[in-house]
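Chains as they are written, first to last, in my numbering: chain L, 1 to 547; chain P, 1 to 307.
The set of hints was computed from the structure by calculation and includes no laboratory data. Note that CB positions come from ideal geometry on N, CA and C, so glycine has one too. Among the hints, a few may not be true.
Simulated pairs of lysine-lysine, DSS-like, Cα-Cα distance not exceeding 25 Å [unchecked claim]:
no. : chain 1 : residue 1 : chain 2 : residue 2
1   : L       : K499      : L       : K181
2   : L       : K374      : L       : K199
3   : L       : K316      : L       : K225
4   : L       : K316      : L       : K181
5   : L       : K280      : L       : K244
6   : L       : K211      : L       : K103
7   : P       : K157      : L       : K211
8   : L       : K225      : P       : K99
9   : L       : K103      : L       : K159
10  : P       : K157      : L       : K422
11  : L       : K503      : L       : K526
12  : L       : K437      : P       : K41
13  : L       : K80       : L       : K211
14  : L       : K491      : L       : K105
15  : L       : K503      : P       : K41
16  : L       : K109      : L       : K211
17  : L       : K437      : L       : K491
18  : L       : K83       : L       : K103
19  : L       : K225      : P       : K157
20  : L       : K109      : L       : K280
21  : L       : K225      : L       : K161
22  : L       : K499      : P       : K91
23  : L       : K491      : L       : K181
24  : L       : K526      : P       : K70
25  : P       : K157      : L       : K280
26  : L       : K83       : L       : K372
27  : L       : K167      : L       : K211
28  : P       : K91       : L       : K399
Stretches of chain P that chain L covers, calculated by requiring three or more beta carbons in the stretch to come under 8 Å of a beta carbon on chain L [claimed, not checked]:
no. : region
29  : 82 to 93
30  : 151 to 159
31  : 256 to 266
Chain P side only, calculated, beta carbon under 7 Å to chain L, not exhaustive [as the list claims (entries may be wrong)]:
no. : residue
32  : A163
33  : P170
34  : K202
35  : V206
36  : T208
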Amino acid sequence: MRGATRVTFAAGAIAIALAATACSSSSKSTNSSSGSNASGVVTAWWGDPQNPLIPTDTNEVNGGAVLNMIFAGLQSYDPKTGKAQLANASSITTTDQQHFTIKLKPGWKFSDGTAVTANSYVDAWNYGAYLPNAQNNTDPFFTSIQGYTDVHPASGSAKAKTMSGLKVVDDNTFTVALTQKFSLWPDTLGYSAFYPLPKAFFSNQAAWEAKPIGNGPYVINSWNKGSGMQLRPSSTYTGDFKPKNGGINLKVYTDANAAYADLQAGNLDIDNGLSTSALKTAQSDLSGRFINQPAGILQTISFPLYNAGWSTANAKLVRQGISMAIDRATITKVIFNSTRTPATDWTSPVLGEAGGFSSTLCGDVCTYNPTKAKQLIQQGGGIPGGQLTISYNADSSHKEWVDAVCNSINNALGNTSACVGKPVGTFASFRNQIQNKQETSAFRSGWQMDYPLIQDFLQPLYFTNAASNDSHYSSPQFDSLVNQANAASDKATAVSDFKSAEKLLVTDLPAIPLWYQNGLVGWSSKVSNVALDPFSVPVYTDITVNK
Amino acid sequence: MGRYVIRRLLQMIPVFIGTTFIIFTMVHALGDPVAALFGDKSPDPAVAAQIRQQLGLNDPLIVQYGNYMKGIFTGNLGNAFNGQPVTELLKSAYPTTLKLTLVAFTFEVVLGITLGVISGMRRGRFADTGVMVMTLIVISIPTFVIGYVLQYLFGVKWGLVSATVATGAPIGDLILPGFVLASVSLAYVARLTRTTIAENTKADYVRTAVAKGLPRRRVITHHLLRNSLIPVITFLGTDLGALMGGALVTERIFNIQGVGYQLYQGIVRQNTPTVVGFVTVLVIVFLLANLLVDLLYAVLDPRIRYA
């Protein structure tokens, strides 16, 4: 026993001595040169992906982060502006906004040495759309391509294995025919669902899934499922996003607090799993080494417009009144520790003004004004049904803010029971109620963008019968403006048409914008040049390791 | 003795079937796992139907359970949603948790019994009061609080140990989590040992040994301790199973990808094969630990064997 204690002490002393020498040597090198170490490896936070890492099957952020590192698509999104720019494609051309010709840059290779050809894209997209493959990530990405309903019917079995709208012209050219005009379609092609797949995927899918092969800036060096993945710069990558570090080691964390402890202890360089509670102390703990900025996620309160009480003209005034009764600024600050940004429109600041974001579009309707709120609600004949309930899933942390929103509305109306939260047990049953049109009053809703386009914030949510139109809003005027935007021949016109459509939402108000969710990342003093892209994923290729 | 063992082993079969069925039903009751695959978006109905059919979720519950049991006897425990077989997950998670449990168990035995003996031998004096107060504090503070505080102090503030456990869970990294995991049981072991030691110091055989003029050390180890440890060993045995269950909290704090992590993922993603597979193994561990204790008891105390 006593011997054992002595050994521990000795080991402790050695460890302290080693740590002390390590510190002194590193501080010396920092003094001599302040450049970066191009072969330094960055350790980053990660969570276990939910599905196999197939581009068309991955719709969550952990799998998506890896796909973006090991793949390069036809387009890529500028990490700062969110603007789409050509990556693997040398040109994407159209004359009628419906038929597109895509030419690839020649000489691009997958990391196994095989060439990236037109077939790599066409085969991957056909694989993704083919119903028996049951891929998670098909709607809305492939739905606009001609022949989609043949390979992916709403019911029954598939009639074809390939989409008729995709045609290979030669090794570096293919054409795409869409079912209708969609001028911003080329800008959607940076999304991971559109990545190419090598022949190796189709010849031995199990082997490929164990160690995916892509055409991106990094290759998977090793993957220890459930605990971590090592990525190293690819020798075959010829694109613009060459890694400025020696690789990324992704480490799976069981808990946000464990990751934060590791970040503080210096065992972790990039932590984009920061919890809201960590942000309270991050300012002093990390001395400014963190980012808290809006992401492409908008949270809203939707209304069941299929319900008789909510479909009247008067109900519009009530909805506007409710929106004005919500004190967004205080709630985002107090409840969310400023990890949400009060919303001013139905898109997101990541789009930028040129992309369609507006800080004034919603105007008075999204501004806290309790007096006007009460007036509008009374003018509209009061809340339909006498009481507003806001339904949410109780298995996630929504109770606090729903109660705060209700509290804000109650205060404005001077009635303590005008609004109450209505919890539903699980996320799955909450979604089931919405899909089966069983809502009678307001319910929480949210949207995470697929690509940084104004179209993605409006069409899937508010176009008549669109897949995620949970409030079942239907406005012929809105639909025709969206169609007009999709037929526009240049991007600026398209964006301004979308904005005209969005303006209708201010008066119709099928959903009240609440706030944009922020992306959070903290980093260690060992690394520099950390930034979040529009999807609030760290820009891994740009991170440099300090010398 | 042999018949006793066989009877106990046969009793395990209905317990095994019962527990797996209850867990299977419970996970099933959580709702539709396919809806959870799509996040806030509406699932494509055609894809959802396809996945349900592939996973056999359209069958009645009893048929699904039957298929699952059929799989178990052929060594196939099903797949997690990321395509990994559950047997693979079990192989990576259980050894890690077992390692952590053994570190904790060592703390519990060595430290718990030592403290108990010291305290029991000096009843009412300073050392005794100190141990009693210390153990009371440990018992009344939840494990996760102890875990986070020690992690912050030793791992973050002073940097004496790694704040979280590295991949592969090396023993050196497991000492702090092992201690945290052991803390509550350790306190119980110390208190239990103290009581029996205190009782037995007055026993006739101890007085005889002292009167014989044996050295004090020999009296304690050979006479006093040997007789006092029977209830402690019983407690330790049942606690081995409880430690594996209790590891779920500690693993989360120290980022150990063991049983707790996999179970948590399985529940969050509502993946029945993962949850049932892991809990089934936990049930078997509990059953075996209980059996072992009962057998040890029968060995130590003949009255039980003949009852």
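Taking the hints in turn, this is what the structure says about them:
no.	hint	in the structure
1	K499/L with K181/L	18 Å, holds
2	K374/L with K199/L	63 Å, violated
3	K316/L with K225/L	51 Å, violated
4	K316/L with K181/L	32 Å, violated
5	K280/L with K244/L	32 Å, violated
6	K211/L with K103/L	29 Å, violated
7	K157/P with K211/L	38 Å, violated
8	K225/L with K99/P	19 Å, holds
9	K103/L with K159/L	29 Å, violated
10	K157/P with K422/L	43 Å, violated
11	K503/L with K526/L	47 Å, violated
12	K437/L with K41/P	15 Å, holds
13	K80/L with K211/L	31 Å, violated
14	K491/L with K105/L	23 Å, holds
15	K503/L with K41/P	24 Å, holds
16	K109/L with K211/L	17 Å, holds
17	K437/L with K491/L	36 Å, violated
18	K83/L with K103/L	20 Å, holds
19	K225/L with K157/P	31 Å, violated
20	K109/L with K280/L	46 Å, violated
21	K225/L with K161/L	32 Å, violated
22	K499/L with K91/P	55 Å, violated
23	K491/L with K181/L	13 Å, holds
24	K526/L with K70/P	53 Å, violated
25	K157/P with K280/L	18 Å, holds
26	K83/L with K372/L	39 Å, violated
27	K167/L with K211/L	30 Å, violated
28	K91/P with K399/L	39 Å, violated
29	82 to 93	holds (count 7)
30	151 to 159	holds (count 5)
31	256 to 266	holds (count 7)
32	A163	4 Å, holds
33	P170	13 Å, violated
34	K202	27 Å, violated
35	V206	24 Å, violated
36	T208	29 Å, violated
Going down the numbered hints, you'll see the structure goes against 2, 3, 4, 5, 6, 7, 9, 10, 11, 13, 17, 19, 20, 21, 22, 24, 26, 27, 28, 33, 34, 35 and 36, while the others check out.
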